[in-house]
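From first to last, the protein sequence lines are chains L and Z. Residue 1 is where the first sequence starts when you use this note's numbering, and the numbers rise one by one after that. Residue 1 is where the second sequence starts when you use this note's numbering, and the numbers rise one by one after that.
No lab work stands behind these hints: they were computed from the structure. A couple of the hints might just be wrong.
As the list claims (entries may be wrong) - Taking CB as the label site, the calculated pair distances span:
| # | chain 1 | residue 1 | chain 2 | residue 2 | range |
| --- | --- | --- | --- | --- | --- |
| 1 | L | 97 | Z | 106 | 43 to 53 Å |
| 2 | L | 123 | Z | 20 | 27 to 37 Å |
| 3 | L | 75 | Z | 296 | 45 to 55 Å |
| 4 | Z | 282 | L | 155 | 23 to 33 Å |
| 5 | Z | 201 | L | 194 | 26 to 36 Å |
| 6 | Z | 127 | L | 25 | 37 to 47 Å |
| 7 | Z | 296 | L | 138 | 42 to 52 Å |
Beta carbons: idealized from backbone N, C-alpha and C, even for Gly.
Spelled out, the chains give:
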Amino acid sequence: MPPDSPATARGAELLRVEDLQVHFPLPGAGLLRRSAGAVKAVDGVSFTLAAGETLGLVGESGCGKSTTGLAVLRMQPVTRGRIVFEGQDITQQQARTGTFRRRMQMVYQDPYGSLNPRMKVRDLVGEPLQVHGLDTNRSEYQDRVAALLKTVGLLPDMADRYPHEFSGGQRQRIGIARALALEPSLIICDEPVSALDVSIQAQVVNVLQELQERMGLAYLFIAHDLAVVRHLSHRVAVMYLGRIVEIATRDDLYRAPLHPYTQALLSAVPVADPAVEKTRQRIVVQGEVPSALRPPPGCRFHTRCAQVMDRCRSEDPPLADLGQGRSVACHLHGPAAGRTIPIAAASASR
Amino acid sequence: MAAPLLEVKGLTTRFRTERGELTAVDDVSFSVAAGQTLAIVGESGSGKSVTAMSLMRLIPNPPGRITGGQILFEGQDLLKLSEAQMRDIRGDRIAMIFQEPMSSLNPALTVGLQVAEPLNVHRGKPWREAFELAKGLLGKVRIPDAASRLQTYPHQYSGGMRQRTMIAMALACSPKLIIADEPTTALDVTVQAQILDLLKALTTETGAALILITHDLGVVARYADHVAVMYGGRIVEQAAADELYARPRHPYTRGLLASIPRLDSSAGQRLVPIAGQPPDLARLPPGCAFAPRCQLADATCTATRPLLRAVFPQDLPQHLSACHHDAA
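All chains, please: the whole structure from these sequences, using the hints.
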């Protein structure tokens, strides 16, 4: 359960991402196929994550949140920047060979596509152990797989079944058990519940929470569902067109979002209560996310921002540290501007 | 109260499958008045989309078949109409908006033609005039620069613009009823809000009734006047939206509301998941479909199907719930 104060949750720094850039060059036309520019999927992202902490990474499709996750896992080449995990610079390492991968695992979105249908659950969960040569003692290995299944709320005798015999929620738990096999300190969760039925999501959310409490896991929790992210995260970073536009503790971000995009995003999410919806003040943004191929000059959000000023059109606001763990990239909230506009994004009391 | 625009009585739709015949929609009854929004909410396999397709008589036969009930639209039973008569109604007096706009729009035809088509087909408007009206409709759904967009193709549009185009098509003949099946599930959250706000504003303006099929309880809370909750092919609870959220009665509705994190709930609370899995329609238990997952279930629940009945017959005759444990 995320404690109210982030300070109590934070252990030592586990992961540091500095000025991460992931660009996808576009092949140009003509004989030489000179590059015709690049899609800047991630364009200067920095954050840290402490042991035992959950950082939520939210944003709409194409904002670069999943690419950031893959880059941290070293499954995606990095154009620029630095990734430090457990004190070791892993920027030059690769997922397949990097020793760090025992300590950093991933849970995928699609519980149907991410498990090999021809493998028994025993082998799916045990494969990471096999890969790292930890299956030499057969009975210890069997016990370990059984214990892992129990950890995620599955029965040990399910080990001899195939993935198709399981429901979406159970498959996602198999995926979590597999991620836990090597006792990682960090799990990157990319939309782990969004493919599941509403009544099943809570089962998986609770498993993730329990595991964190029991094993001190850290999560980089990538999702578009702002309510689920709020439920699980200690801190939250909001991404827009390859950049972090605001990062803050969960309560600060949800109670008083500062960046106009964060405000609009929270405002767009309906609360499952008609009484709240009727009295809620909403900020509606117009238009859609521009192409990452040609992001707008100046502030990338200025084309949709209701509070746009002249300088926003030309001057790119840096992510400015406002203190107390909050940073915002907006000309309204530079360190000089440093004031808070109260926003009724979601009524806080219930 | 005036006669409802649409009154569905005992609608039952069955499918023949390799695993035997299953009842996807089982004795479903509800009504919608002009200008009102009814949300039909449920998870995958609950029967909500099959209900929508049944209303439009778009169930592929085989394997599907509407086996019983009445769909009274403006007093006329749609199930008694010929296919030709039904074609006259679809896209004219009843319009439908689907989840995936890319597969519902024809990629080989211009947007202008597709929006103009219902006006030509149903209203006999000459193409030139229909195109003129289409331009107005695209503007109405706030597609920027509508005049120059008539000659473009769906692939040149973003997801949000495609869904706006679908809405323009649906509105073309000023339908009395719009059925929207998960209209924004494929869209980003800020675009979702734009599209649903637009749909709601336009139906309010034209006085059309809206049936909104969704799994999102937040969307229901924001946009619906009435709600029907479906589970295992049946409506398990039905009420005015305010009433349903303030006083949910059916254990499934209560379970759903307790299992979702909310933007405004006190953070850190543990969610209460609903145990077990949604039902397999081919192997529904003889009693209440929710009984295997219900904490209140007893021998009666596993043996007999509870009927949908008023939980507060005196005060709120329209709040219905199908649960043996709700007997007054």
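| said: Given a hint of 27 to 37 Å, does the C-beta separation of residue 123(L) and residue 20(Z) actually sit inside it? | reply: holds (33 Å)
ask   = So does residue 97(L) sit 43 to 53 Å from residue 106(Z), Cβ to Cβ?
value = holds (49 Å)
Legend entry - Distance restraint evaluation - residue 201(Z), residue 194(L), Cβ atoms, bounds 26 to 36 Å: Holds, since residue 201(Z) and residue 194(L) (Cβ atoms, about 28 Å apart) stay within the stated range.
Verdict for residue 75(L), residue 296(Z) (Cβ pair) under range 45 to 55 Å:
Because 47 Å falls inside the window, the suggested range holds.
Outcome for the supplied range 42 to 52 Å, where the beta carbon pair is residue 296(Z) and residue 138(L): For residue 296(Z) and residue 138(L) the Cβ distance comes to about 46 Å; the hint holds.
Review point. Is the gap between the beta carbons of residue 282(Z) and residue 155(L) within 23 to 33 Å?
Key: Holds, at about 24 Å.
ask   = residue 127(Z) and residue 25(L), beta-carbon distance inside 37 to 47 Å?
value = holds (45 Å)
The structure meets every hint from the earlier list without exception.
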